[in-house]
Amino acid sequence: YQTLAIKDNIWQPVVREQTLTVSKAALGGKDLGLYVQEELSEVANYELSYLKEIQTIERERG
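Residue numbers in the sequence shown follow our numbering, run continuously in steps of one, and reach 62 at the last position.
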């Protein structure tokens with residue numbers, strides 16, 4: 001996925017790659033597509049909250 005991060009001391013778009021490994025036990029009979037959708041949503045929400053937090057800190061610094 002693409003996000004923002006500090007690279008070479010500058011905020012810029014970066015591509016992050018991650019692998020999601022799911023065991024059948026963790027799936028617990030759920031649909032794989034729905035499970036992956038839920039996990040990706042959690043990753044996106046975390047990334048968004050992190051960027052908002054950093055933005056607030058940077059605005060306070062001036």
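It should be emphasised that the hints constitute simulated quantities derived from the structure, not laboratory data. Possibly wrong hints are sitting among the right ones.
Restricting the straight-line Cα-Cα distance to at most 20 Å, the calculated cross-link-like pairs of lysine to aspartate or glutamate (DMTMM-like) are [as the list claims (entries may be wrong)]:
#	residue 1	residue 2
1	Lys7	Glu38
2	Lys30	Glu17
3	Lys24	Glu47
4	Lys30	Glu47
5	Lys30	Glu42
6	Lys7	Glu39
7	Lys24	Asp8
8	Lys7	Glu58
Listed next, with one range per pair, are the computed distances between beta-carbon atoms [unchecked claim]:
#	residue 1	residue 2	range
9	Gly62	Gly28	20 to 30 Å
10	Ile10	Asn45	22 to 32 Å
11	Gln2	Val36	31 to 41 Å
12	Gln2	Gly33	35 to 45 Å
13	Thr19	Asn45	31 to 41 Å
14	Glu38	Gly62	36 to 46 Å
Just so you know, even glycine gets a beta-carbon here, dropped at the ideal spot from N, CA and C.
Each hint, compared with the structure:
Proximity of Lys7 to Glu38 is assessed by CA-CA distance (about 29 Å); at most 20 Å being required, the pair is judged violated. With a CA separation close to 25 Å, the supplied pair Lys30 and Glu17 exceeds the 20 Å bound. For the hint linking Lys24 to Glu47, the alpha-carbon distance of about 27 Å lies beyond 20 Å, and the restraint is violated. At roughly 25 Å between alpha-carbon atoms, Lys30 and Glu47 are farther apart than 20 Å, so this suggested pair is violated.
At most 20 Å may separate the alpha-carbon atoms for a hinted pair to count; Lys30 and Glu42 meet this at roughly 17 Å. For the proposed pair Lys7 and Glu39, the alpha carbon gap of about 26 Å is over 20 Å, so the pair is violated. Between Lys24 and Asp8 the CA atoms are separated by roughly 41 Å; this puts the pair beyond 20 Å, and the hint is violated. With a C-alpha separation of about 16 Å, the suggested pair Lys7 and Glu58 falls inside the 20 Å cut-off, and the hint holds.
The hinted range of 20 to 30 Å is not satisfied by Gly62 and Gly28, whose Cβ atoms lie roughly 49 Å apart. For Ile10 paired with Asn45, a C-beta distance near 26 Å keeps the hint of 22 to 32 Å intact. One distance hint, 31 to 41 Å for the beta-carbon pair Gln2 and Val36, is violated here, with the actual separation near 18 Å. Taken as a hint, the range 35 to 45 Å is violated for the pair Gln2 and Gly33, whose Cβ atoms sit roughly 22 Å apart.
For the pair Thr19 and Asn45, the supplied restraint of 31 to 41 Å is violated, since their beta-carbon distance comes to about 19 Å. Taking 36 to 46 Å as the suggested C-beta distance range, the pair Glu38 and Gly62 conforms, at roughly 39 Å.
In summary, the numbered hints that this structure violates are 1, 2, 3, 4, 6, 7, 9, 11, 12 and 13.
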